[in-house]
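There are 4 protein chains.
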Amino acid sequence: MARHICKPVVFHNVLGSFEPILRIADGDAVVAETVDAWGFDRAGERRHGPPNPMTGPFYVEGAEPGDSLAVRILRMTPNRDEGWTFGPVAPNVVDPSAVAVLPKRERVLWRLEGGKARLIDPPAGLAHFEAPLAPMLGCFGVAPPLGQAISTATSGAYGGNMDYRRFGPGTTAYFPVFAPGALFFLGDGHFCQGDGEIVGTGIETSFEVEFTVSVQKGRTIGWPRGETEDFIFAIGNARPLDQALQHATSEMMAWLAADYGLDALAASHLLGQAVRYDVANVFNPAYSVACRLSKSVLAALAG
Amino acid sequence: MARHICKPVVFHNVLGSFEPILRIADGDAVVAETVDAWGFDRAGERRHGPPNPMTGPFYVEGAEPGDSLAVRILRMTPNRDEGWTFGPVAPNVVDPSAVAVLPKRERVLWRLEGGKARLIDPPAGLAHFEAPLAPMLGCFGVAPPLGQAISTATSGAYGGNMDYRRFGPGTTAYFPVFAPGALFFLGDGHFCQGDGEIVGTGIETSFEVEFTVSVQKGRTIGWPRGETEDFIFAIGNARPLDQALQHATSEMMAWLAADYGLDALAASHLLGQAVRYDVANVFNPAYSVACRLSKSVLAALAG
Amino acid sequence: MARHICKPVVFHNVLGSFEPILRIADGDAVVAETVDAWGFDRAGERRHGPPNPMTGPFYVEGAEPGDSLAVRILRMTPNRDEGWTFGPVAPNVVDPSAVAVLPKRERVLWRLEGGKARLIDPPAGLAHFEAPLAPMLGCFGVAPPLGQAISTATSGAYGGNMDYRRFGPGTTAYFPVFAPGALFFLGDGHFCQGDGEIVGTGIETSFEVEFTVSVQKGRTIGWPRGETEDFIFAIGNARPLDQALQHATSEMMAWLAADYGLDALAASHLLGQAVRYDVANVFNPAYSVACRLSKSVLAALAG
Amino acid sequence: MARHICKPVVFHNVLGSFEPILRIADGDAVVAETVDAWGFDRAGERRHGPPNPMTGPFYVEGAEPGDSLAVRILRMTPNRDEGWTFGPVAPNVVDPSAVAVLPKRERVLWRLEGGKARLIDPPAGLAHFEAPLAPMLGCFGVAPPLGQAISTATSGAYGGNMDYRRFGPGTTAYFPVFAPGALFFLGDGHFCQGDGEIVGTGIETSFEVEFTVSVQKGRTIGWPRGETEDFIFAIGNARPLDQALQHATSEMMAWLAADYGLDALAASHLLGQAVRYDVANVFNPAYSVACRLSKSVLAALAG
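Order-wise, the sequence lines are chains D, S, X and R. Just so we're aligned, residue 3 is where the first sequence starts under our numbering, counting upward by one. Just so we're aligned, residue 3 is where the second sequence starts under our numbering, counting upward by one. Just so we're aligned, residue 3 is where the third sequence starts under our numbering, counting upward by one. Just so we're aligned, residue 3 is where the fourth sequence starts under our numbering, counting upward by one.
Note that these hints are calculated values from the structure, not bench results. Computed from a prediction, not measured in an experiment: that's the story for all the values here. A hint or two may mislead.
Copies of the same chain look alike in the list, so a pair counts if it fits in one copy or across any two.
As the list claims (entries may be wrong) - Here are the simulated SDA-like pairs of lysine to any residue, each with C-alpha atoms no more than 20 Å apart in a straight line:
id	residue 1	residue 2
1	9	44
2	118	304
3	297	229
In isolation and in its complexed conformation, chain D is listed as follows:
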């Protein structure tokens, strides 16, 4: 299996069925550079405008509609020493009556060094605040169905701008395939991010990302899924949070039925006492919720 090095020269602000920048085989590894959410690269040069310019698409040989594409994130190495966020929190995450007293939203810079991010000009009280490196892909996914081309500001069943902090190194993401070759895109790397992406950003910077792809023939899934060392999770992307949670829960129940032999009642008894929900983002046009289950709970079912 090959290991490709990809230094992109074109970028996309929409996920769609575009000309592949690379054709790769099932099992191949790729080392790809990604620019930040506004298009700034490792040298701090702007390569493309917002929103979230994508590296890709990668055409994965053998991937057909109805299959799943597994993408294992091996490594995410920030490749410059500066990142940025916005503040204060977005107006939709506080009480409507509290919005009027928020200061104006502005971009701020962070120094990235030694596995820590520090505000370059911290406000009172945050002089000692350090955010540890916990890298993640904010936006990644495949070409959507029906020949659509959809902005990287939002997300759907095909992935996209989910901004989920568990989509980092060590995680395998699964996407439904809608187009021949899947057409995988990635970008919008975050040095770290809290739940909900409530300031509208993680700490945005450019990365070198290493990942492998694998085609799961005939495995049809409804929404993005993921797997870490400790957990499996299913993602729902929609507004409001209630609907995102419904999609995520329904997808998890479909997973438990297909791969663990649990019917709706059994899955309910299990999830009822063991499920965890993560609010991935509550900022983008579609919010994202993860329905998450411990692998140790699943392992114990075998007795």
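Please arrange chains S, X and R on chain D, whose structure you already have, making use of the hints.
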């Protein structure tokens, strides 16, 4: 400071300004029995009907509107060997199109033994499923403002049926005081519960609960708060989840301003990278979301 | 059947099972004065504080849980020449990003004269704006179930602060009865109001209201309903609007089944092409949506 | 100004920047055939698959990003004698607990004749039900921004599947222009439809539609707008209804500021007492709400 033993004979299905069952002093401890959500006690006898019969109210000397009441949960000991849940998942937590294929909702029984809960008649695949003891108070709080008396099925700024799994032993809960003496109620203990209470119950059983109360004079808060060994959190109770999250976030920002000197911008930079959200319940008439922050993050701010 | 004149001396800010101010018989008429949402009466004197002080409760002989109470609003006569509203629009009815540019919310006064309301100090562009009299009861209903006592700021299955502009003279409202005697309350009259009550008020003033009551024995309904000369409608009270609409639609389908012999499929075909929805209020803790159907459509079903 | 006759041979399931089927000048009229939501034409032959195959795009000379496109619907003539709907109501418009008792969703046929639609095989109670012709365009709009191509199942700032019953003959619709030539699409005609499109369809059939286009140079708008003989309205497309209503209200306030000189406070006083909201659809991936104002109210402002 006294330690009171309380074996209740009257129960309430609403939180309101009722005759106290006990007057206690600031700092006192109470050992109180609670019946389960349908009113069954330690002997399996029904003492009161649903919803969530409360033990209380306890009149706390010195608590006045504008203060906060701190309730430290010291211990929750299940006092019978049987619990119950419902299944399958509630229709509002899956896609509307998936509701029609769910089986009928029915009550099921669990054996509680050796710190584990086991389904008495497990469906296929769950023969080995054990849910470990992680006790919590599903419904507790104080008399609401304006002389209201509100069903224990729901929740609000005064607490109530929040069904948050971190309201267990070791946690201190804080409630705004709206009535003289605060009038504290508790009940609806769960042997354990997943996020969201998505089957509509935790594992419901009766408990012996030990707690202490403490009046925080002049500390006015807007929503219930809590503190564990590792975290502080603020709760929002409302529908939809988006609004519950708004209340929780706004309350956390008020907390960070008042006790940690962080203005809206500083609090935003901190929460943006470090906040965690928990979906406490997505079943009751008001949903509950916790906005949670690690104490270690806060401690590091001091440098 | 008697006609009672009621000049209230006590007022309630919550709907609950309080001592009746009057016992009336099935079929009786009542002429009652109501104060405005902040408690100001016909003389402009404050008789009680907010929210929405109620006249009542009226104990209706013969009304028992499981019955419905029909209240026919015969007349609403504003009894002073001044009303008030708030402005600008509430922050929850515009885009979160637009909230910061709204001016501060303030109370403004209107002159009520000759069946028109005019701003006493109109902003530029509204010098000629006249709002015609279209009176309505913002808040009315019966004692809630379970012995609850609930703030007149909100609403539920028992009615309350629904702020629906079709609850005016000529309309018959129907409420489920939860307590012996129903315990009917009314108040919060509006000179007029747009859909949604988006400034948080109608034009608030005091009224003389005349109504008749009638007990519908054994007619159990789930939510408030109403009937005008031209329409029948069912109300849902909840957040978000989606859920209020679900309650209203479900209640309308129950009505069409019980009184018009239409099963779920037939009701769907009818409503699918003929239903109207009104956004009654999108401001209060519970929003209100009306599911409305033309009587002429229903009449034509008979052929 | 020309009058074009358009009998389409290609159809699109997405709104995007595709090759125009016709280039037309500012002021031109077009008579275009549209197929129904599943692609059946006037002869009952399937010309294309779902969702909502569009006739178009029409390139309008002179339309540039930042302009608005005005589309006046002159006429909609159903061109076959059969239509179809679905039933029962969609699961998302009734209480989640009521979904399980709904019958299975199935397509049903209607006879279209003499300006009336009649169910071909009516269920009990609907033998005499006739739905009068009130034609409307369910889905129409322009190419979205950013080179996106978006499914005709949903809607956005560019229009799309709004399913609003007031988008019929006599109405002028306004769309923001995002692509050179605007690239206007239309289709998904309904013989009639209730509010909310709660069965998931209007009465779907094919049409001959006549319309004129006009470019409004430099008039930048944020969301689709419309104008009938009696009303102006602004549309918001989003989930949940609350957010759709926020967009619609914000857009109406922008309109009142730009064209009627009303600042936020004046617009609030006016809308607070005079606004109407319509629930256009509560079925599609994005719901649609119209914020509507009477032209007579606006005319009276001039004194």
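Evaluated hints:
{"no.": "1", "hint": "9 / 44", "result": "within (11 Å within a copy, 53 Å between copies)"}
{"no.": "2", "hint": "118 / 304", "result": "between (41 Å within a copy, 17 Å between copies)"}
{"no.": "3", "hint": "297 / 229", "result": "within (9 Å within a copy, 28 Å between copies)"}
In the structure shown, no violation is registered for any of the earlier numbered hints.
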